[in-house]
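Quick note, the sequence shown lines up with residues 1 to 82 if you use the numbering used here.
The set of hints was computed from the structure by calculation and includes no laboratory data.
Please note that a few of the clues may not be correct.
[As the list claims (entries may be wrong)] Distance ranges between label pairs, derived from CB positions: (1) Ala80 - Glu41: 24 to 34 angstroms; (2) Val73 - Pro51: 14 to 24 angstroms; (3) Leu44 - Glu14: 17 to 27 angstroms; (4) His57 - Thr10: 21 to 31 angstroms; (5) Asp61 - Thr8: 35 to 45 angstroms; (6) Ala18 - Glu41: 28 to 38 angstroms.
Don't be surprised by glycine CBs; every beta carbon is placed ideally from N, CA and C.
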Amino acid sequence: MAAQITLTITEARERPWASATFHGARHVLSVGVAGDVATIEGWLAALPEHPFAMAHHIVADIAVVRSANADVVIEALTVAND
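With the hints as extra help, turn the sequences into a complete structure.
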């Protein structure tokens, strides 16, 4: 059986974002993570390349900006593709 991890979003914030040609939002997620350490590290390492499927938006950028103990902060930029 594959090792599993449990994610608990403890805080989620977003604010509008725009450039000269695009609009979207910046997101910050604080996440509690529990489970096998190697599985957690692999999941975090793969996150920036994950092909997210979202209606009317694309994930333009995503990064783990802090990882300490069982707490992770993830920042993402989503852009509308309408």
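Here is how each hint holds up against the structure:
1. Separated by about 32 angstroms at the C-beta atoms, Ala80 and Glu41 satisfy the suggested range of 24 to 34 angstroms.
2. Take Val73 and Pro51: their Cβ atoms lie about 22 angstroms apart, and the range 14 to 24 angstroms holds.
3. For Leu44 and Glu14, the hinted distance range of 17 to 27 angstroms is satisfied, since their beta carbons lie about 21 angstroms from each other.
4. Checked against the hint of 21 to 31 angstroms, the pair His57 and Thr10 passes, with Cβ atoms roughly 23 angstroms apart.
5. A beta carbon spacing of about 24 angstroms between Asp61 and Thr8 contradicts the range 35 to 45 angstroms that was offered as a hint.
6. At roughly 35 angstroms, the beta carbons of Ala18 and Glu41 sit within the given window of 28 to 38 angstroms.
When each numbered hint is compared with the structure, a violation occurs for hint 5 only.
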